[in-house]
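Engineer: Residue numbers (my numbering): 41 to 606.
Keep in mind that the hints were calculated from the coordinates and are not lab data.
Incorrect hints may appear among the rest.
[Stated by the list, open to error] Derived lysine-lysine pairs resembling BS3-like cross-links, with alpha carbons at most 27 Å apart:
#, residue 1, residue 2
1, 246, 89
2, 198, 246
3, 89, 78
4, 593, 89
5, 212, 145
6, 212, 198
7, 344, 269
8, 593, 212
9, 308, 344
The model shown is predicted, which means the values in this text are computed figures rather than measured ones.
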Amino acid sequence: MAYPLLYKPSRRFFDLPQIDNNSFFGPDSPVLVLFLVKTSQKQRDEIEKLLNVGGELWPTDDSELRRLEIVPWLRNYELSDEDAVLSAVVEVVQLSCAAHILIDKVGLENKTCIITFSPDWNGLGYAPGTNDYMYEHEFARVGWDEARFLVSLAGQNKSWFPDILSEIRRLKMPPNELDMSESQEWEIVSRSRQHKWPSHISRDFKLDQDAPTIISLIYLSVEELHNIKTDILANASPGHAPPKIINWPAGIEPGSEADLWYIFDAIKHDFVPPYGEVFGFFIDSMYLADPDRDPELLMVTRTKIDDAEDAAAKFVAENSMEATRIRKDEFLEVYRAAFNPTGDRDGNAVHHNGAMRSLDLKTGAWSPFAIITNPDIPVLVPSALPFFVLQPISSTQEHALRSVFPCFNATQTQFFHIPDGDGTITHLLRYFQSSEFTSFHRRPPADFVAIDAPSLSSITNAKRDGETGCWSSQPSVLLGTSAFILHEGDMGRLLAEDQVGYAVGRCAMWGVEEHQDWAIRASDCRGLMGDIGEIGEEEEGVTGRFCWDCFGKGDEEVEGRVQFRE
Numbered sequence: 041m042a043y044p045l046l047y048k049p050s051r052r053f054f055d056l057p058q059i060d061n062n063s064f065f066g067p068d069s070p071v072l073v074l075f076l077v078k079t080s081q082k083q084r085d086e087i088e089k090l091l092n093v094g095g096e097l098w099p100t101d102d103s104e105l106r107r108l109e110i111v112p113w114l115r116n117y118e119l120s121d122e123d124a125v126l127s128a129v130v131e132v133v134q135l136s137c138a139a140h141i142l143i144d145k146v147g148l149e150n151k152t153c154i155i156t157f158s159p160d161w162n163g164l165g166y167a168p169g170t171n172d173y174m175y176e177h178e179f180a181r182v183g184w185d186e187a188r189f190l191v192s193l194a195g196q197n198k199s200w201f202p203d204i205l206s207e208i209r210r211l212k213m214p215p216n217e218l219d220m221s222e223s224q225e226w227e228i229v230s231r232s233r234q235h236k237w238p239s240h241i242s243r244d245f246k247l248d249q250d251a252p253t254i255i256s257l258i259y260l261s262v263e264e265l266h267n268i269k270t271d272i273l274a275n276a277s278p279g280h281a282p283p284k285i286i287n288w289p290a291g292i293e294p295g296s297e298a299d300l301w302y303i304f305d306a307i308k309h310d311f312v313p314p315y316g317e318v319f320g321f322f323i324d325s326m327y328l329a330d331p332d333r334d335p336e337l338l339m340v341t342r343t344k345i346d347d348a349e350d351a352a353a354k355f356v357a358e359n360s361m362e363a364t365r366i367r368k369d370e371f372l373e374v375y376r377a378a379f380n381p382t383g384d385r386d387g388n389a390v391h392h393n394g395a396m397r398s399l400d401l402k403t404g405a406w407s408p409f410a411i412i413t414n415p416d417i418p419v420l421v422p423s424a425l426p427f428f429v430l431q432p433i434s435s436t437q438e439h440a441l442r443s444v445f446p447c448f449n450a451t452q453t454q455f456f457h458i459p460d461g462d463g464t465i466t467h468l469l470r471y472f473q474s475s476e477f478t479s480f481h482r483r484p485p486a487d488f489v490a491i492d493a494p495s496l497s498s499i500t501n502a503k504r505d506g507e508t509g510c511w512s513s514q515p516s517v518l519l520g521t522s523a524f525i526l527h528e529g530d531m532g533r534l535l536a537e538d539q540v541g542y543a544v545g546r547c548a549m550w551g552v553e554e555h556q557d558w559a560i561r562a563s564d565c566r567g568l569m570g571d572i573g574e575i576g577e578e579e580e581g582v583t584g585r586f587c588w589d590c591f592g593k594g595d596e597e598v599e600g601r602v603q604f605r606e
């Protein structure tokens, strides 16, 4: 299946420094000198001196010329030609109206640099008459002795062309490497495992307003079936027929999250215009082997967005769904509301079913159970602390994960299964750097939880004290937190940031809600290094420090400056 591209996969966010544009706004702000080629500290010091040597364009009084701030190039490759350099320059300056100086390989050889700024900037951060941060930039290649004067002029919003520089010195941008129109599509890579449709459900089955139906993802005993139907009919009128419950077969793995997606995708009823929600009903339990389990009734919700300015939000919304616990005695009323939507659009991108919202507010008893995503595409629901499953797992193991990491109102837990994963962080980073991931996600997460084979073993064997809620046999997981380098100028002013990779360690869980504390720290941008601590003996490919492939392993300038939030 093909989907429209969201982002240009040829440029990953860690391929370039992330410039702090706030540091370069205004006529009194410094000028960024960004290197796009590897240099030593000595070389950079010498070039900075030459940039400060006046040429024939300079005025006699240079007191108003802006000071320079240097950001080095720390990557292990060089941009191949001027088109590649200009493409990178566009990425650096696209959200900035400030003036910059950029030093590339050609510039090292002939003592030139690329200068850029937007003459449309009005000092407010917006292009005139719009709310748009995307500017039409000017680019020119000039000598080192001209650059500082010319970028200082940018504070006066004067175009360089044609009065200051001749048009022949203007650099033209290369064409886009990819057509980002909706017609441009990118095929999803094949998966090693294909979904097998459950044989006990007819492929022709569709949800019907007049035949309330629930599909169980677990095998229900005769007693459980009786209790569920009794609860459902508790508030029904006398003689009301119970709903149809399609039971899961005994003796096989329970239904997985992938099963839930595929089944509902096939049986869901049509969207009722103009509403953008459809609903289905399932039975599941996080505690498969608990003799006292109480199977839960779940309502799953799929959405459709007709018009959306944010293509990424539309992509996530239409390829994910929420599974919500509802009370069994509400089922008949909720089922009717699902097929008979009401209410006006409330300003959101999705035209919600007001009848369903009213029922939720009336009872106040609905609670999140799971976030389910399309298994065929790399949908990562926005989260401060996503969970990555590093290798194929069984549905039973998936249920065990859900019992240890349930959804709460503040933490919606999605288990993202790495395609063809081999159980290592090395493979996870390769996936983050793949065109499959970068086509649909602007950047990988700053922090994450990862589940490998030892994690699964500890989770499936974990025992919990019913009174204290603490683990008597502790589960453990892998925690990852971003490694970065801050480039700072005078008085500690942040100039730019390089995302280098991750530190990953294995961490034991003491309490059942510990992952909520991790999520809070991640959402507050405090990082998880305090939880990871000393990594100790490294497990090859699993724990330790991991760098993006654009940074050289063992590079002293990189290794000596890496920081972590903790």
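Engineer: Are the hints correct? Go through all of them and say.
Structural biologist: Each hint tested on the structure:
A threshold of 27 Å between alpha carbons decides the hint, and for residue 246 with residue 89 the separation of about 74 Å lies outside it, so the pair is violated. Of the supplied pair hints, the one linking residue 198 and residue 246 is violated, its CA atoms being roughly 65 Å apart against a limit of 27 Å. Restraint check for residue 89 and residue 78: satisfied, since their Cα atoms lie roughly 18 Å apart, inside the 27 Å limit. Taking the CA atoms of residue 593 and residue 89, the gap is near 31 Å; set against the 27 Å cutoff, the hint is violated.
Our distance criterion of 27 Å between C-alpha atoms is met by residue 212 and residue 145, whose separation comes to about 18 Å. Annotation: proposed proximity of residue 212 to residue 198 holds, straight-line Cα distance about 19 Å (limit 27 Å). Note on residue 344 and residue 269: the hinted pairing is violated, with a Cα-Cα distance of about 32 Å set against a maximum of 27 Å. For the suggested pair residue 593 and residue 212, the alpha carbons sit about 36 Å apart, so the restraint of at most 27 Å is broken.
A C-alpha spacing of about 13 Å is found between residue 308 and residue 344, which places the hinted pair at or below 27 Å, so the restraint holds.
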